[in-house]
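Peer 1: The lines below spell out each chain.
There are 2 protein chains.
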Amino acid sequence: MKGRRKPRKKTKPARRSHCAVACTLDLVGDHWTLLVVRDLVAGKQYFDEFLRSPERIATNVLAARLKALQEQGLIEKVPDLADRRRYTYRFTEAGRHLQELLGHIAGWGRKYLPGTRILEGIEMPPT
Amino acid sequence: MKGRRKPRKKTKPARRSHCAVACTLDLVGDHWTLLVVRDLVAGKQYFDEFLRSPERIATNVLAARLKALQEQGLIEKVPDLADRRRYTYRFTEAGRHLQELLGHIAGWGRKYLPGTRILEGIEMPPT
Chain A
1 MKGRRKPRKK TKPARRSHCA VACTLDLVGD HWTLLVVRDL VAGKQYFDEF
51 LRSPERIATN VLAARLKALQ EQGLIEKVPD LADRRRYTYR FTEAGRHLQE
101 LLGHIAGWGR KYLPGTRILE GIEMPPT
Chain B
1 MKGRRKPRKK TKPARRSHCA VACTLDLVGD HWTLLVVRDL VAGKQYFDEF
51 LRSPERIATN VLAARLKALQ EQGLIEKVPD LADRRRYTYR FTEAGRHLQE
101 LLGHIAGWGR KYLPGTRILE GIEMPPT
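Chains as they are written, first to last, in my numbering: chain A, 1 to 127; chain B, 1 to 127.
Since the hints were made in silico from the structure, they are not lab data.
Predicted, not measured: the structure shown is a model, and the values here were computed from it.
Hints should not be assumed to be uniformly reliable.
Simulated crosslink set (SDA-like; lysine to any residue; CA at most 20 Å straight-line) [claimed, not checked]:
| # | chain 1 | residue 1 | chain 2 | residue 2 |
| --- | --- | --- | --- | --- |
| 1 | B | LYS111 | A | LYS44 |
| 2 | A | LYS77 | A | LYS111 |
| 3 | A | LYS111 | B | THR88 |
| 4 | B | LYS44 | A | LYS67 |
| 5 | B | LYS111 | A | PHE91 |
| 6 | B | LYS44 | B | GLU93 |
| 7 | A | LYS111 | B | GLN99 |
| 8 | B | LYS111 | A | GLY73 |
| 9 | A | LYS44 | A | ASP80 |
| 10 | A | LYS44 | A | ALA58 |
| 11 | B | LYS67 | B | THR88 |
| 12 | A | LYS44 | B | GLN99 |
| 13 | B | LYS111 | A | GLU123 |
| 14 | B | LYS111 | A | THR92 |
| 15 | B | LYS111 | A | ALA58 |
| 16 | B | LYS111 | A | ALA94 |
| 17 | A | LYS44 | A | ASN60 |
| 18 | B | LYS44 | A | ARG16 |
| 19 | A | LYS111 | B | ARG16 |
| 20 | A | LYS44 | B | HIS18 |
| 21 | B | LYS67 | A | HIS31 |
| 22 | A | LYS111 | B | LYS67 |
| 23 | A | LYS111 | B | LYS44 |
| 24 | A | LYS111 | B | GLY95 |
| 25 | B | LYS111 | A | HIS18 |
To give a feel for the contact side, a few chain B residues facing chain A, derived at Cβ under 10 Å [stated by the list, open to error]:
| # | residue |
| --- | --- |
| 26 | ASP30 |
| 27 | VAL78 |
| 28 | GLU100 |
| 29 | HIS104 |
| 30 | ILE118 |
No residue lacks a Cβ here, since even glycine has one placed at the ideal position from N, Cα and C.
Required output: the full structure, derived from the provided sequences and hints.
Peer 2: Below, the structure written as C-alpha cells:
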C-alpha cells in the first residue's frame, strides 16, 4: 500500500443554479450547520463547547460540519494561545456575514414558531 | 397478512431545543425544502413544475419534501379544479409565513454570494 494516496482535496461542487436561495442552502442548508454558526456567534470557540449545546450534536456530525465550514472559507481553525494542543474555531471575514443570516432566521422562528426563543448573544437584525 | 396495518401516522419528533434557529431548521433545514417553498412562492403548483426547476430535484426527493411540508401543516394538496386526476399544492395559512423567511434568505444570498440572483416572483422583505 506504500505510496498510495487517499484523495484528499475535494473540488467544489458546481452550483445547482444561480438562485440566491439555492446557493445559500448549498452553504448552510442542513440540519446542523447553522447551529454551529449560532454557537460561534454566541461566543463559543472550542469543539467541546459546541458539543455541550442543548441539541446534542454528535461528535462526527460536528467534526464534519466544522470541516465543511472551513473548506468553504467561512471559519478557521487556529491553535489556542493558552494551550497549543487545543484548537479554537472562529469566523473568517466572509463567515462573519453568516451572523446576519442567522439573525433573520432566529427572528423568523421566534415570530412564527410558538414557544421558541433566541439564545443569549444572538444579535437580531434591525427591523 | 390480512388485517395487518402499516404504521402510517408518524408522531411529531420532539424539538431538539427551544432555540428559534433550531426549530426553524427542523422545518426547512435541508438542501431542498426551501427550493420547493421558493417555487410555490413563485406561483408553481404542480408536481411537474417543481421538477422542471433549474436545480433538477429528483422525483423521490420532491415527493418526500412535499409530504413533509404537508405533515407539518405548511402546504396542502388539493385536486386540480380543471382536471380532477391531477393535484395542486398550495400554502396553508401557516405556510404562507415561509415567504418571509425565504425573502430574508434570498436577500442574504444575493448580498453575499457573488453571481447569485433572485428568481422572478420572489418578493423581498422591506429593508
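Peer 1: If a hint holds in the structure, say so; if it doesn't, say that too.
Peer 2: Hint by hint, here is what the structure shows:
1. B:LYS111 x A:LYS44: It is violated: about 26 Å lies between the C-alpha atoms, which goes past 20 Å.
2. A:LYS77 x A:LYS111: violated, 34 Å
3. A:LYS111 x B:THR88: Outside the cut-off at roughly 28 Å; violated.
4. B:LYS44 x A:LYS67: violated, 36 Å
5. B:LYS111 x A:PHE91: holds, 18 Å
6. B:LYS44 x B:GLU93: holds, 17 Å
7. A:LYS111 x B:GLN99: Answer holds: A:LYS111 to B:GLN99 is near 13 Å, not above 20 Å.
8. B:LYS111 x A:GLY73: Distance ~17 Å between B:LYS111 and A:GLY73 Cα, so the pair holds.
9. A:LYS44 x A:ASP80: holds, 13 Å
10. A:LYS44 x A:ALA58: OK: A:LYS44 and A:ALA58 at ~17 Å, within 20 Å.
11. B:LYS67 x B:THR88: Holds, at about 13 Å.
12. A:LYS44 x B:GLN99: Violated. A:LYS44 to B:GLN99 sits at ~31 Å, over the 20 Å cutoff.
13. B:LYS111 x A:GLU123: Since the Cα atoms of B:LYS111 and A:GLU123 sit roughly 19 Å apart, the hinted pair holds (cutoff 20 Å).
14. B:LYS111 x A:THR92: The hint holds at about 17 Å.
15. B:LYS111 x A:ALA58: violated, 32 Å
16. B:LYS111 x A:ALA94: holds, 12 Å
17. A:LYS44 x A:ASN60: holds, 18 Å
18. B:LYS44 x A:ARG16: It holds: about 19 Å lies between the C-alpha atoms, which stays within 20 Å.
19. A:LYS111 x B:ARG16: holds, 18 Å
20. A:LYS44 x B:HIS18: holds, 19 Å
21. B:LYS67 x A:HIS31: holds, 18 Å
22. A:LYS111 x B:LYS67: violated, 24 Å
23. A:LYS111 x B:LYS44: Status violated; Cα separation ~26 Å.
24. A:LYS111 x B:GLY95: holds, 13 Å
25. B:LYS111 x A:HIS18: Measuring from Cα to Cα gives roughly 13 Å; hence the hint holds.
26. ASP30: holds, 6 Å
27. VAL78: violated, 23 Å
28. GLU100: Hint holds; B:GLU100 Cβ to chain A Cβ min 6 Å, cut 10 Å.
29. HIS104: With Cβ-Cβ at 4 Å, under 10 Å, it holds.
30. ILE118: Constraint on B:ILE118 satisfied, holds at 5 Å.
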